[in-house]
Amino acid sequence: MPDLVVIITAKLNYWVYIVLMMVGLYAMIAKNNLVKKVVGMNILQTAIILFFISIGTKHNATIPIIQHAHGLETHAVQAVNYANPLPHVLMLTAIVVAVATLGVALALIIRLHRQYHTLEEDEILAQLEED
Amino acid sequence: MGKIIVLLFGSFLVYCTLDFPDWGDPGSPASTHVSPYYIEQTLEDTSVPNIVTAVLADYRGYDTMFETIVIFTAVAACFLLLRKIKSDEPETRMYRHIPTGTTFRIKKGGRYPRESVDFERIDLQWVPYGVVIKTTCRLIIPFIQIFALYVIAHGHHSPGGGFQGGVILGASVIVYAISSNLRSSLNRFGERIAVLLCTLGVFLYAATGGLCLLLGANYLDYSALAPIFGVDPVTARSHGILMVEIGVGMAVMAAMISLYYNLSSGGKFDEGL
Amino acid sequence: MMWVIEMIVLIMVVITAIGAITVKDLLGAAILFGAYSFMLCLLWAIMGAVDVAFTEASVGAGISTVLFVAAVFRTSRRTRD
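Chains as they are written, first to last, in the numbering used here: chain G, 1 to 131; chain D, 1001 to 1273; chain X, 2001 to 2081.
A hint or two may mislead.
What the hints assert, rightly or not - Now the stretches of chain D that chain G is said to cover, found in silico as 3 or more residues with beta-carbon under 8 Å:
hint	segment
1	1020–1033
2	1050–1056
3	1065–1071
4	1135–1146
5	1254–1267
Claimed, not checked - Examples of chain G residues toward chain X, derived with CB under 8 Å:
hint	residue
6	L25
7	V39
8	T46
9	T57
10	H88
11	L92
12	R111
To be clear, the hints were calculated from the coordinates, so they are not data collected in a lab.
Note that beta-carbon positions come from the ideal geometry of N, C-alpha and C, so glycine has one too.
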């Protein structure tokens, strides 16, 4: 029984990221409304960011800012004491790219609404069939 | 159908997690190869305590530069998709007579009260007249901007940097646009200024790298800037990071404002949220 | 005590994510997405990724929500699913 608890505490973050990713994927492939699809795309992106940040955590480690950096005496910096900064850097850029793609996606949605006066995918496809 | 695919895919991924390293394991592969070098050498190489800032702007400077270009491209794409350069005259306009608070609807072809102190133009759909909201935002915006500048300038020592500070600076202008209206915000911070600042930010980043190239070092190797700043090479890298962060901040601020202007007005720049 | 907070935040993240894609009002979906971003920001602050949390708080919970609201305001608010 303790084995199960150990497995659950060790893997829970990964399971939550999978649940979020599946929620986003479901919204992208099954929802009919375009804004819902964009919300699903953003949830998918943040789920992947959550996965990367989960990889970078360490037990009993502090934030990746070196302590006592400008004091008189210098301490030896141990890598074990600080969280892994590399996933943070990669995901920092990913978040800002996510908002850029969100802007372009919403611009496309506004343009589609201007032409077809609806946001539902099947109605847009029906109007395309008529033409 | 979608649910079946999602459930199958999700259960497969859950099965795969059994091979993952445990959560918070210091010996996981992601934390053992290159990241200890960053953690241990950052202070000696760049004299920047915040490792994330140093890796973002110095060790992996190319990544951030092209990411700034991605944001600029998004602004350009949004502009090309939505912007209507020659906007046709709207059917009706709404004006509010300020001393009495009454509103007037003027049809196309009627006489507009131009340049009048007593009349102000208001939006057709969204007509709040909130003294509380306007006054509060007017009071709060300078503090937001000061905080944003602090976040950019203090990114070496605390969480923050060009991206966060630029977004907060952009948010202050967006708050002004929401609390009053889009036209007065465009008078303060025009569309041309936004696009110009976005370009200038990307250019500042690239020019810092080019300056290093002119001084005989590699592209984006800030230690070559030491003679210009008059400091030792390690401190010069810290100053180079600050220059790059300012460029990123300008580009991100202008990009956020331009995206908001385009999306909220549908490209007409006439009436917005 | 930290794991209790983290557990609550993890549950809230899943609830707000499911809520954001099921609610029938697009403005509500935008606001729930903002709440989802803020919960993720808290989660990353707990994990020690302060820079990412800061960025998510300003970009995800701030600008993204405003852009969604602006786009919904420009188009239509009702949806069938």
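Status of the hints after comparison with the structure:
no. : hint      : in the structure
1   : 1020–1033 : holds (count 10)
2   : 1050–1056 : holds (count 5)
3   : 1065–1071 : holds (count 3)
4   : 1135–1146 : violated (count 0)
5   : 1254–1267 : holds (count 7)
6   : L25       : violated, 11 Å
7   : V39       : holds, 5 Å
8   : T46       : holds, 6 Å
9   : T57       : holds, 5 Å
10  : H88       : holds, 5 Å
11  : L92       : holds, 5 Å
12  : R111      : violated, 10 Å
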